[in-house]
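Participant: Start from the sequences and build out the full structure, keeping to the hints where you can.
The listed protein sequences derive, respectively, from chains A and B.
Going letter by letter, the first sequence gives residues 1 to 156 in the working numbering.
Going letter by letter, the second sequence gives residues 1 to 750 in the working numbering.
Some hints could be false.
Example chain A residues on the side facing chain B (calculated, C-beta under 8 Å, incomplete) [stated by the list, open to error]: (1) N82; (2) M144; (3) G148.
For the record, the hints were derived by calculation from the structure and aren't laboratory data.
Remember, predicted model here, so these are calculated numbers, not experimental data.
Backbone N, C-alpha and C fix where the C-beta goes; we use that ideal spot for every residue, glycine too.
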Amino acid sequence: MSDVETICTFTLDGLFLGINVSEVHEVLSAQTLTPVPLANSIVAGLINMRGQIVSAVDLRRMLYLPPRTDDAPPPVNVIVRNGHDLLSLLVDQVGDVLEFESRLFTPPPDTTPGETRNLFRGAYQLPRQLLLVFDTNRAIEAIMSRAGSKRSRDVT
Amino acid sequence: MSHDQDYIREFVIECREGLDRIDNVLVALEATPGDKSGLDIVFRTLHTIKGNAGFLDFPKLGAIAHAGENLLSNLRGGQVVVNANIVDLLLRTMDAIRGSIGGIESTGNEGAADHSALLKELARWTAAGVDSVSSNRGQPDPAEPNLSPERTATHLTPAPQASTEKPPPDDLQQPMPSPSVSATAIQDDSWSSSMLGSRVTEPELSSFIRVQIDHLDDLMNLVGELVLARNRIVQIASSRQDDELTEPIQRLHRLTAALQDGVMRTRMQPVRNAWRKYPRIVRDIAKQCGKLCEVELQGGDTELDKSMLEAIADPLVHLVRNAIDHGIEKPYLRKIKGKPETGRLLVRAFQESGQVHIEVSDDGAGLDLERIRKKAIEAGVIAAEKAHLVSETDLRNSVFLPGFTTADRVTNMSGRGVGMDVVKTCVEQIGGTIELQTRKDVGTTIRLTVPLTLAIVPAIMVSCGPQKFAIPQINVVEMLRLRGADEQQACDHFHDTPVLRLRGELLPMADLCHKLGVKSRCDEAFRETLDILVLKTGTRRFALLVDEIGDPQEIVVKPLGELLASQTEFSGAALMGDGTIALILDVLGLARSSGLLADSQSLLTDSATIHDEGPRLEEQVLVCQVDGDRQIALLLADVVCLEQVPSAAVEHSATGDVLQYRGDILPLYQLSRNKPVLTTVLGSVSDLISIVIYRAAESQLGLQVDRILDIAPRPHDLRPVELTGEPESRHRVVATAVVLGRVTDFLQVS
Numbered sequence: 001m002s003d004v005e006t007i008c009t010f011t012l013d014g015l016f017l018g019i020n021v022s023e024v025h026e027v028l029s030a031q032t033l034t035p036v037p038l039a040n041s042i043v044a045g046l047i048n049m050r051g052q053i054v055s056a057v058d059l060r061r062m063l064y065l066p067p068r069t070d071d072a073p074p075p076v077n078v079i080v081r082n083g084h085d086l087l088s089l090l091v092d093q094v095g096d097v098l099e100f101e102s103r104l105f106t107p108p109p110d111t112t113p114g115e116t117r118n119l120f121r122g123a124y125q126l127p128r129q130l131l132l133v134f135d136t137n138r139a140i141e142a143i144m145s146r147a148g149s150k151r152s153r154d155v156t
Numbered sequence: 001m002s003h004d005q006d007y008i009r010e011f012v013i014e015c016r017e018g019l020d021r022i023d024n025v026l027v028a029l030e031a032t033p034g035d036k037s038g039l040d041i042v043f044r045t046l047h048t049i050k051g052n053a054g055f056l057d058f059p060k061l062g063a064i065a066h067a068g069e070n071l072l073s074n075l076r077g078g079q080v081v082v083n084a085n086i087v088d089l090l091l092r093t094m095d096a097i098r099g100s101i102g103g104i105e106s107t108g109n110e111g112a113a114d115h116s117a118l119l120k121e122l123a124r125w126t127a128a129g130v131d132s133v134s135s136n137r138g139q140p141d142p143a144e145p146n147l148s149p150e151r152t153a154t155h156l157t158p159a160p161q162a163s164t165e166k167p168p169p170d171d172l173q174q175p176m177p178s179p180s181v182s183a184t185a186i187q188d189d190s191w192s193s194s195m196l197g198s199r200v201t202e203p204e205l206s207s208f209i210r211v212q213i214d215h216l217d218d219l220m221n222l223v224g225e226l227v228l229a230r231n232r233i234v235q236i237a238s239s240r241q242d243d244e245l246t247e248p249i250q251r252l253h254r255l256t257a258a259l260q261d262g263v264m265r266t267r268m269q270p271v272r273n274a275w276r277k278y279p280r281i282v283r284d285i286a287k288q289c290g291k292l293c294e295v296e297l298q299g300g301d302t303e304l305d306k307s308m309l310e311a312i313a314d315p316l317v318h319l320v321r322n323a324i325d326h327g328i329e330k331p332y333l334r335k336i337k338g339k340p341e342t343g344r345l346l347v348r349a350f351q352e353s354g355q356v357h358i359e360v361s362d363d364g365a366g367l368d369l370e371r372i373r374k375k376a377i378e379a380g381v382i383a384a385e386k387a388h389l390v391s392e393t394d395l396r397n398s399v400f401l402p403g404f405t406t407a408d409r410v411t412n413m414s415g416r417g418v419g420m421d422v423v424k425t426c427v428e429q430i431g432g433t434i435e436l437q438t439r440k441d442v443g444t445t446i447r448l449t450v451p452l453t454l455a456i457v458p459a460i461m462v463s464c465g466p467q468k469f470a471i472p473q474i475n476v477v478e479m480l481r482l483r484g485a486d487e488q489q490a491c492d493h494f495h496d497t498p499v500l501r502l503r504g505e506l507l508p509m510a511d512l513c514h515k516l517g518v519k520s521r522c523d524e525a526f527r528e529t530l531d532i533l534v535l536k537t538g539t540r541r542f543a544l545l546v547d548e549i550g551d552p553q554e555i556v557v558k559p560l561g562e563l564l565a566s567q568t569e570f571s572g573a574a575l576m577g578d579g580t581i582a583l584i585l586d587v588l589g590l591a592r593s594s595g596l597l598a599d600s601q602s603l604l605t606d607s608a609t610i611h612d613e614g615p616r617l618e619e620q621v622l623v624c625q626v627d628g629d630r631q632i633a634l635l636l637a638d639v640v641c642l643e644q645v646p647s648a649a650v651e652h653s654a655t656g657d658v659l660q661y662r663g664d665i666l667p668l669y670q671l672s673r674n675k676p677v678l679t680t681v682l683g684s685v686s687d688l689i690s691i692v693i694y695r696a697a698e699s700q701l702g703l704q705v706d707r708i709l710d711i712a713p714r715p716h717d718l719r720p721v722e723l724t725g726e727p728e729s730r731h732r733v734v735a736t737a738v739v740l741g742r743v744t745d746f747l748q749v750s
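Facilitator: Printed below as a string of structure tokens:
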């Protein structure tokens with residue numbers, strides 16, 4: 001029996017994605033988004049998470065996917081820690097928390113373009129599709145640099 | 001060697017407090033050498049330090065304290081007479097102790113500093129009296145400077161030989177140089193009491209506990225959350241109209257407000273805490289510069305959040321230093337100018353409109369604005385042909401420009417020094433503003449205005465498209481609602497730049513929706529009214545057009561987080577009562593990013609937008625109409641805000657007319673003797689009445705007037721009037737004067 005990794009899965013424009021469950025702070029149903037004028041387009045807005053104000057990142061824009069259609073259900077918040085800060089990643093739908101055997105894990109192929117390569121740690125091969133796993137640290141780093149802010153702290 | 005860290009920390013804090021007190025006593029002693037009452041405190045403090053140093057095994061520190069104590073003991077007994085040299089020596093002793101303590105705090109040991117010279121000098125002065133007065137006492141212990149730790153630890157009582165000595169013969173008295181600084185006239189109760197050696201007014205030590213500031217921060221955050229939760233409940237309840245809920249909710253409202261107030265107060269500290277060192281600093285700087293200066297401190301009881309106080313402490317010291325170094329002239333120069341030789345420095349703090357103002361004034365040389373102008377032309381910062389257009393405000397403010405001040409030496413020569421830009425940055429970082437007023441040869445006043453606390457900020461809510469934004473009240477000068485003809489008259493263009501014409505001034509104007517790229521709710525072509533805020537940042541003012549100006553609100557500031565750290569237009573966000581989020585506009589950032597504030601270089605050339613700083617709040621009055629044609633005026637500083645409400649909103653209770661106003665019940669008073677008229681809007685009579693929300697003592701009340709006319713500067717020729725108001729009325733006419741071309745009664749409301 002080899003090691004297993006527990007992954008919180010979600011979907012985004014038909015893609016099957018995941019984040020290691022230990023890196024997910026919590027998952028929050030759709031919240032009212034307060035837009036931030038003049039901010040980078042990947043900043044979807046601010047949400048009120050039980051009195052705490054958390055910035056939300058539009059993952060579709062971050063991954064250069066087509067924008068959510070108007071009739072689509074509102075996005076779900078996957079909250080991750082960024083130092084002492086929290087950050088919400090907006091996804092289409094949250095799936096189950098699944099366990100995967102580590103031997104099924106493959107790093108991204110060498111032909112993956114630079115930016116995507118940085119966002120994902122690799123993939124688990126499932127019978128019908130691949131589950132792409134975020135490299136949370138580096139993904140946040142990429143998000144911060146695209147939003148134009150300096151990143152000062154490491155993810156803990 | 002390891003000590004209990006807690007003991008050491010306590011020891012360090014205690015020593016610091018004691019030393020700060022001593023400094024001031026010593027400086028006062030220098031001014032009035034005859035008054036020995038303060039010596040007891042110095043003696044006692046040194047004694048305590050010595051004892052603790054022995055206990056915690058810091059032999060060097062103990063030796064210094066011991067030697068100082070010996071000298072003090074002889075001073076108290078009169079064997080040695082106080083003179084400037086001794087005060088100087090004692091101050092140096094305090095510095096040495098401070099140095100040791102600093103080392104103890106950071107490294108846990110007292111360091112390798114060599115104090116033998118100081119100890120020798122202390123011993124010499126101690127002996128100077130004893131020796132000559134009573135030779136039978138023999139020489140002072142030669143081993144004194146090399147006290148062993150054991151000895152320090154055991155000698156906890158003052159050397160007894162000194163106390164009963166006779167006063168020294170006259171010929172022994174040192175020729176006393178006249179004190180170069182006198183730090184008297186301190187209008188501060190606790191100071192004067194500690195100087196007199198009486199500690200009766202100081203509260204018992206046991207009634208204080210030291211609390212980690214983190215705990216208070218946590219509490220503060222929790223209370224902030226509680227306030228939001230309450231707001232939410234109040235909102236839900238008001239939509240339900242459930243009478244049973246009203247009473248408990250009112251109670252919840254009151255309790256949360258009291259709790260919030262209480263927690264905030266625990267973080268408040270009197271500004272005096274930052275001022276403690278001033279007499280000493282003033283003395284030292286004046287001595288270094290060869291100047292005479294006395295400092296007066298007023299309003300030390302004014303309270304400020306601890307973090308704010310810490311943030312402005314250094315900038316304030318800088319201002320004090322500048323005032324002496326560059327402001328106050330050398331004694332001979334002052335004599336030539338016909339001023340008293342001793343310069344006067346006034347540091348004053350007071351609270352006004354929910355903000356704290358701190359002023360540093362000197363009666364020195366002031367800024368020579370013409371000289372700055374000339375230098376600016378020479379430096380190529382302004383073009384010669386345009387130089388006469390540059391206003392005095394801009395010339396004054398040039399001391400805040402980084403490059404201009406330091407590199408050019410302009411301001412050094414004309415009176416102000418380096419680093420004012422740093423002071424300005426510090427103050428702006430905590431949401432404050434800085435102003436400078438100066439007159440050549442009369443003096444300079446620098447005024448810092450800072451919010452009471454960082455966590456809860458009074459703000460004006462504005463809407464812009466579908467969104468609400470908060471603008472901190474500290475930045476809001478006034479709010480205007482323009483209609484029809486007024487609108488066309490007030491809004492103009494200076495070539496391409498939109499400007500607001502306000503009482504003869506031109507202010508640059510921006511449209512918030514436009515600047516933020518938000519779609520305005522108002523159709524530009526058919527706007528019935530224009531809501532405009534006049535905002536200030538530093539000494540510059542500009543106008544901001546918004547869709548609608550909303551209510552003032554107390555908001556709890558939350559940081560925006562790292563993702564939006566580069567967003568200079570917003571300084572944070574706040575949660576509203578209904579759970580929505582409002583972004584807080586950073587007025588300075590907004591002005592910069594929208595080009596309303598020219599950068600430092602073109603500040604001097606861009607004369608189109610130049611204007612002078614408006615009059616201060618306490619110098620302005622609100623002019624209203626009552627009784628159809630009578631004009632009355634109220635001090636603007638007492639006015640909270642202006643409201644128009646439907647006449648049906650006025651309710652009646654046993655105590656008279658009342659008005660529900662933001663969850664409160666305000667008593668409402670008629671200022672008209674006749675029945676008041678309804679407000680006219682756009683030419684037709686509406687159902688609205690005009691109400692001035694007025695602050696009288698601790699509470700607020702509503703004053704109903706016929707019409708609100710304008711804001712005007714307070715005239716200087718106020719003529720006092722005999723009491724004319726009916727005895728039972730809350731308001732009375734105290735003076736009359738001509739305002740806006742008409743005779744106006746000045747009202748005072750109690």
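Participant: Go through the hint on A/N82 and say holds or violated, using the shortest Cβ distance to chain B against 8 Å.
Facilitator: holds, 6 Å
Participant: Answer holds if the nearest beta-carbon of chain B is closer than 8 Å to that of A/G148; otherwise answer violated.
Facilitator: holds, 4 Å
Participant: Using the nearest Cβ pair, does A/M144 come within less than 8 Å of chain B?
Facilitator: A/M144 check passes; min Cβ-Cβ to chain B is 6 Å, inside 8 Å.
Comparing the model with each numbered hint stated earlier shows that all of them hold.
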